[in-house]
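Asks: So the sequence lines, in the order shown, correspond to chains A and B. If you use the numbering used here, the first sequence corresponds to residues 721 to 1046, in order. If you use the numbering used here, the second sequence corresponds to residues 721 to 1046, in order.
In short, the hints are calculated from the structure, not lab data. Don't take every hint at face value.
Pairs count within a copy or across copies, as identical chains cannot be separated in the list.
DSSO-like mimics (lysine-lysine), calculated; alpha carbons at most 30 Å apart, straight line [claimed, not checked]:
(1) 905 x 1014
(2) 802 x 1000
(3) 802 x 956
(4) 815 x 945
(5) 922 x 1014
(6) 728 x 905
(7) 1012 x 815
(8) 956 x 865
(9) 904 x 802
(10) 802 x 1012
(11) 961 x 922
(12) 1000 x 815
(13) 1014 x 855
(14) 961 x 728
(15) 956 x 905
(16) 1000 x 1012
(17) 758 x 865
(18) 802 x 1014
(19) 922 x 728
(20) 855 x 956
(21) 961 x 905
(22) 728 x 956
(23) 865 x 855
(24) 802 x 855
(25) 802 x 864
(26) 802 x 922
(27) 904 x 855
Since this is a predicted model, take the numbers as computed values, not measurements.
There are 2 protein chains.
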Amino acid sequence: MMSEDFLKRTIGVDVGLDWTNYALVDIRGTILARDRFKTFECPEMELFVSTLCEHLITFMENNGGYELVRSVGISAPNANFKTGAIEYAPNLPWKGEVPLAAMVRDRLGLACAIGNDAHTMALCEKVYGSARGLKDFIVVSIGKKGIGSCFYSQGVPHIGAEGFAGEFGHTCVVENGRECGCGKKGCLETYGSEYGCLMTAKELLEQSDEPSALRGSTLTLDVLKTCAEQGDPIAKEAFCKTAEVLGIALANYATVVDPEAIILTESMSHVGDVLMEPLKEAFERYVFHNIKNKVRIEVSVLSDEERDVLGASALAWDVKEYSLFT
Amino acid sequence: MMSEDFLKRTIGVDVGLDWTNYALVDIRGTILARDRFKTFECPEMELFVSTLCEHLITFMENNGGYELVRSVGISAPNANFKTGAIEYAPNLPWKGEVPLAAMVRDRLGLACAIGNDAHTMALCEKVYGSARGLKDFIVVSIGKKGIGSCFYSQGVPHIGAEGFAGEFGHTCVVENGRECGCGKKGCLETYGSEYGCLMTAKELLEQSDEPSALRGSTLTLDVLKTCAEQGDPIAKEAFCKTAEVLGIALANYATVVDPEAIILTESMSHVGDVLMEPLKEAFERYVFHNIKNKVRIEVSVLSDEERDVLGASALAWDVKEYSLFT
C-alpha cells in the first residue's frame, strides 16, 4: 500500500439475497456513508452490474469524489476469489459463472476484489473485530437460513483448492435428515440455523400435548427466545436440541482445526444464554480432550450490519493480495 | 540448508505403540539402513530416552559414522511440534508432558525435531508420496484402532493453535455411540478403524441368523475381506456400513477444507473395492455440491512401513522450520 493510500477510501459492497449494501470506508474502518438497493430488482446479471455501477458513481460523486476511492471490494455468496466470479449461488437470481470482479473493474476503472461472504466475514473479524491478533480461529455465521464459516491457519485465510472451503452449513449432521436447499439431506443448516431451530420447535409442539405459550403464537426467533427465557419447556427444549446439534458440529470442527477461538455471528448468535449455555456445554463434552476448555466461543463484537460492508471494504484494501482482478 | 547437507543423512525415528523404528535416510528419501526396538520394554521415559540414544549411537557407528548425520526427526503420538514434547498420549506408557526433543538433543548433540505422527505422515506424503506437488490436501490414516489426519493449507501444514489439529478420529459420528479410548462416545475411530469395522461385523452376526462364512472363523480384517469378496452378505454389509460412516465423515471434512485430494493410509486403506467403492459413493453423495467429483480419494503410493521412518526423516531435514529445539 502506498503512503497516500492512508488518505484514500475503499468501497465495500455486500451482495445479499434481498439487498445490496455498499459503503465508503476509511482505512481505520470508519463507515463514512452507506446506501443500498434491492438485489432482486435485477433479475439479469447485466442489469445488476449496470445498476451497481450507476449507484456507485453517484455515491462517490456525492461523497468526496471518485478520485478519493482506491478500490472496490465485493462480498457475495459463492463468490470465488480465485476466479473473481460468482459460481452457481443457489439463492441468487443469476445462474452459471458470473465474472463480477472483471465486469465492475471494466465499468468503473477501479481495482476490484471479490470474496465469498464467509471469507470476507472472517477477514472483517480479523481486521476490525473479535479476531484481532488471532492466528488460528474460526468464524461461523448462524443466520436465518444459512450457516457459513471460514477459518484462518497461522494468520492466513484457508481458501481451499477450489476456493470453496468452509461450507460448514452443508456438513451432514443427520443421515437422511431434513431436506436442504443444496439438494442433500441432513445438512447442519437445516437444524442449526434460525429456520432449523424454529422447525424443531414446530416438531416438538406437534409431538406433544404439553401446554406451551408457543401454541397460537406466530413462531419467530424472538417469540421462542422470550418464551424460553420465561421457562416454557418446549421453547427451552427447542434451543437445547439446536444447541446439541451445533455444539457437536462445532466440537468436530474444532477437533480438526484446533482454533484459539470460535467467533459466532448473525441472528442465532444473539439469542443469549438459552442457546449459548447448552451449546458450550455440548461443545466441551464432544471436543478432543487435549483442547477441552481451551477454545473460546464468543459472539462477535461487530454488528451484523457493519460487518457486511466492512468485510468487503477490508478486501478492497488488500486488493492485490486478494484478487487477480486488479 | 547448506550445500554440504546434500552429502549428509538424517535419522528418522517413529515411536509406535509396539515398536520404535529408526532409519538412516539420504536427502532423496532412500532408506540406507533401519532397525527397531520394543517401545513397551521402556516403561519409564528416562529409560526410553537412554535406550533410544544407545541404539542410535551404535546404529550411526555401524552405518558410516556420527559425523555424516545432520539431524534427528522423531514422530510420536500426541507429539507437539510447538513444545517439542509428547503430551498425554493415552496409549503410550509415559504420562504427562515429556520434553522428548530436548532430551534427545542433549544426549546426542544433534538437532532434533519432533512431530505428531499425523503431521509427519502428511509431510512424508508431500515430500515423497502421493501429495507431491499438491498444496491443499488431507492425509487420513485409518489403522487398527486409530484414525489420524493432517491437512495442508496452501502448501503449509495446518498445525492448529495448540498443535493438535487433525484429530479426525475423535470427531463424533454417532451421538452416545460406542465408547472410545479418549473417554468420549461415538468417535469416528470406534466405527471407521479396523477395530470398528470388525465390531460392526460382530454386531451384524449377533443380530441375525443369516448363514455366513464368518461364523466360526476368527474375525480378522483379512478374513472379513476374503468373505466379502466371495459374496458373503454379512461381510459385505459390515464394509458397507463402515464405508458409509467414513464416506460421510470424509465428505464433511472435505466440505470444510476443500482439498485437491484425500490420501488414505494404513490397514483399512488396503482393503480394496469392497470398502472403497461404497466409501467413494457415500462421499460423493454427501460432499458440498460445488466440489462434487473434484476431490480425488486415493490410497497412498508409499508403504506403511517406509512412511513411518521417512516422515520422521523429512521432519529432520527441515529441522529449523519444524522445531524450536535445534
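Asks: Hints first: check each against the structure and report whether it holds.
Replies: Results of checking the hints against the structure:
1. 905 x 1014: Intra 32 Å, inter 20 Å, cutoff 30 Å: inter-copy only.
2. 802 x 1000: between (35 Å within a copy, 27 Å between copies)
3. 802 x 956: Intra 43 Å, inter 42 Å, cutoff 30 Å: neither.
4. 815 x 945: Intra 37 Å, inter 46 Å, cutoff 30 Å: neither.
5. 922 x 1014: neither (35 Å within a copy, 38 Å between copies)
6. 728 x 905: Result: close neither inside a copy nor across copies, 47 Å intra and 55 Å inter.
7. 1012 x 815: between (43 Å within a copy, 18 Å between copies)
8. 956 x 865: For residue 956 and residue 865, the Cα distance is within 30 Å only inside one copy (20 Å; across copies 39 Å).
9. 904 x 802: The answer is within: 26 Å in one copy meets 30 Å, while 40 Å across copies does not.
10. 802 x 1012: For residue 802 and residue 1012, only the inter-copy Cα distance (18 Å) is at most 30 Å; the intra-copy one is 35 Å.
11. 961 x 922: For residue 961 and residue 922, the Cα distance is within 30 Å only inside one copy (12 Å; across copies 32 Å).
12. 1000 x 815: between (39 Å within a copy, 29 Å between copies)
13. 1014 x 855: both (15 Å within a copy, 29 Å between copies)
14. 961 x 728: neither (48 Å within a copy, 59 Å between copies)
15. 956 x 905: Classified as both: same-chain Cα gap 26 Å, cross-chain 25 Å, threshold 30 Å.
16. 1000 x 1012: Classified as within; 11 Å inside a copy, 32 Å across copies.
17. 758 x 865: within (19 Å within a copy, 55 Å between copies)
18. 802 x 1014: So residue 802 and residue 1014 pass the 30 Å test across copies only (16 Å; inside, 34 Å).
19. 922 x 728: neither (51 Å within a copy, 69 Å between copies)
20. 855 x 956: Result: close neither inside a copy nor across copies, 36 Å intra and 45 Å inter.
21. 961 x 905: both (18 Å within a copy, 18 Å between copies)
22. 728 x 956: neither (50 Å within a copy, 65 Å between copies)
23. 865 x 855: Within one copy only: 29 Å inside, 33 Å across.
24. 802 x 855: both (22 Å within a copy, 14 Å between copies)
25. 802 x 864: Answer is within: at 28 Å inside a copy they meet the 30 Å cutoff, but 40 Å across does not.
26. 802 x 922: The answer is neither: 41 Å in one copy and 48 Å across copies each exceed 30 Å.
27. 904 x 855: Classified as between: cross-chain Cα gap 28 Å, same-chain 33 Å, threshold 30 Å.
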